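Listed below are the residues making up each chain.
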Amino acid sequence: MRQVPALPIVGSFAERLLVDDLPDLQPAQRREVVAFIAHRVDSLPSFTRFGVLAIGTVFRMLVAVPGGWLGAKLLMKLPLPFVGEYPRLMRSLGFAYVWEHWPTTTPTGALA
Amino acid sequence: MSLDADILIIGSGAGGATTATVLAEAGLDVLIVEEGAWVEQGSVVPFSLDQMDQQYRSGGVTVALGMPSIAYTEGRCAGGGTEVNSGLYWRPPGELLERWRHDFRIADFDPDDLLSIADEVETAINVRTVPGPHSAPSEVLRSGAAALGWQHSEVPRWMTYPHGDDATKGERQSMTRTYLPRAMKAGARLVTGRRIDRLVIDGGRATEAIASLPDGSTERITFRHVFVCGGAIQSPALLQRSGVKGHIGRTLAVHPTVKLAARFADELNVPDDVPVHQVKEFAPHLSFGGSASNPGLVALSLLDQWPTFRRAVTDWPRMSVYYAAITSQGRGRVMSVPRMKDPIVTYRLTHADRELLRSGLARLALLMLEAGAEEVFPSFRGAPSVKNRRDVATMQHAFSATKATVMTVHLCSTVPMGEVAERCGADSFGRVHGYRNIHVNDASLLPTAPGVNPQASVMAFAIRNARHFVATGGSRA
Ligand SMILES: Cc1cc2nc3c(=O)[nH]c(=O)nc-3n(C[C@H](O)[C@H](O)[C@H](O)COP(=O)(O)OP(=O)(O)OC[C@H]3O[C@@H](n4cnc5c(N)ncnc54)[C@H](O)[C@@H]3O)c2cc1C
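So the sequence lines, in the order shown, correspond to chains A and B. As numbered in the working numbering, residues 1 to 112 make up the first sequence, in order. As numbered in the working numbering, residues 1001 to 1477 make up the second sequence, in order.
Hint data in this document are derived by calculation from the structure and do not stem from the laboratory. A couple of the hints might just be wrong.
Restricting the straight-line Cα-Cα distance to at most 16 Å, the calculated cross-link-like pairs of lysine to aspartate or glutamate (EDC-like) are [to be verified]:
(1) A:Lys73 - A:Glu85
(2) B:Lys1341 - A:Asp42
(3) B:Lys1403 - A:Glu85
Everything numeric in this text was worked out from a predicted model, so none of it was measured.
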């Protein structure tokens, strides 16, 4: 069975999260990190991938509407089962990539 | 295409490689089928994302769902978990073996025999302590425990040190360096890059295995006996996909861990190795040790409380990551779902587990302070940083397992061995109950999580069971 690629679903949210967490990360770096995150989501075990993409669709829709980012941030804070794990997954993949590839990155994402 | 062998071994990790060696050296015709690739040690940086891609299942991103979910990792390459792990060697404790024998009614089992197999394993994989000084992150564990009067020790590893006595430059004596070459020398064949999708079973006997290749084609493998050694997640999943009934996949046992990062005055970070000391003062319930701490992993340990902990990330050369691991009373499940390639894995921590994680993290923070940490950053949402003993109490109070990053690398007990029908998926030598020629011989067999790093237990049991198979000629098939 052919897989739906993750990038169109997780990409915009992952990018927005990185802008928030690491505002000084260069756009080219950010694109590289987002591509890595999507690649990793593509290789998740089938059930987890299905769940991640389902939750990712909700977040993608929120990010797409004006003011939706505030809604997304609210959703991230709610103690809902598994929903909070989605941004955590995006962040952990992203941070692991950033500091492994550019270890002198500052806390705001600038290259030292 | 099709393949044929007297004995098919699925998986080439700690269980599969040792099983293959015993059977091939006894003159049997052995075929090992491994889903991952053969990756030469040294060709990837340990604990890097590249290693995750090449040698771990799903890039190392696998999770047992629960509240909280527990992230776990499995090796997927020739040699399985033994290629990627920390190499820390612990014999199974004697009293635990006695308990397993009694509680699970493991027949013809003498713990002393198993420990003498452990002696052989130690020689075969060169278990030893580091020849020179310990790394600075390891010294932290030693000195912190010593200051508190807590029991601690250097854990020996399966390593050689061909480049002098630098503790961080050892070469792991994993299965691709030890048992797999031995098995192949004795005539075993190893094929990599093939995943066994299912076994075809007819009247209590497996007759063939269906393998899939990366190009999407399939291959049929016929055999007289099959040894399923895919690890504690994949073995029960494969058995379930094949329609095997019984106590399979219902009692996943793990050692859940919580982590913290500690910052010191001087540089100490070792990006590509782990500390060799462990603190066992509260064992078997609770143990402390050190994790890999490359800059990416330090950043990960800070991310749960990023708004306040982010300031520390540039200090990673002065930081190292440590864990508190518990012997959990909780259990998990591995469930195959029709038409899904991978199983669903769940795990439920008990109330006692959660409390143990809480006290474990607090004690670990205390140990860090005693070892001279300037500041400690626990990995849970809402965590305060810890600079003194008063902060430890505040942190302990604020902790909740559901807010924490809980992880494990020790997965066991999904096909427990023994003769207690309602608790055991396999008999006292790993043959699946109710099936004549299907055997399990990996971490799935361990009746419970052992409370120590499990690879030695996995190997010793696998060798014992394979020898029994040879001695009895696989007579029950
Ligand atoms: C990061 C990490 C660190 C660890 N550190 C330590 C340590 O310091 N000390 C210690 O004692 N233990 C440690 N462990 C645990 C130890 O590695 C495992 O307990 C041990 O490897 C389990 O052996 P196994 O044979 O059950 O499975 P594995 O060694 O995982 O081998 C299973 C193999 O089967 C293959 N496979 C699975 N399904 C299929 C299929 N359907 N078809 C074909 N092939 C298949 C897999 O690709 C894999 O190679 C660690 C584990 C990890 C992941």
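Outcome of the hint check:
This hinted pair checks out: A:Lys73 and A:Glu85 have alpha carbons roughly 13 Å apart, not beyond 16 Å. A hinted pair counts as satisfied when its Cα atoms are at most 16 Å apart, and B:Lys1341 with A:Asp42 qualifies at roughly 14 Å. For the hint pairing B:Lys1403 with A:Glu85, the CA-to-CA distance comes to about 10 Å; that is within 16 Å, so the pair holds.
Violated hints are absent here; each numbered hint is respected by the structure.
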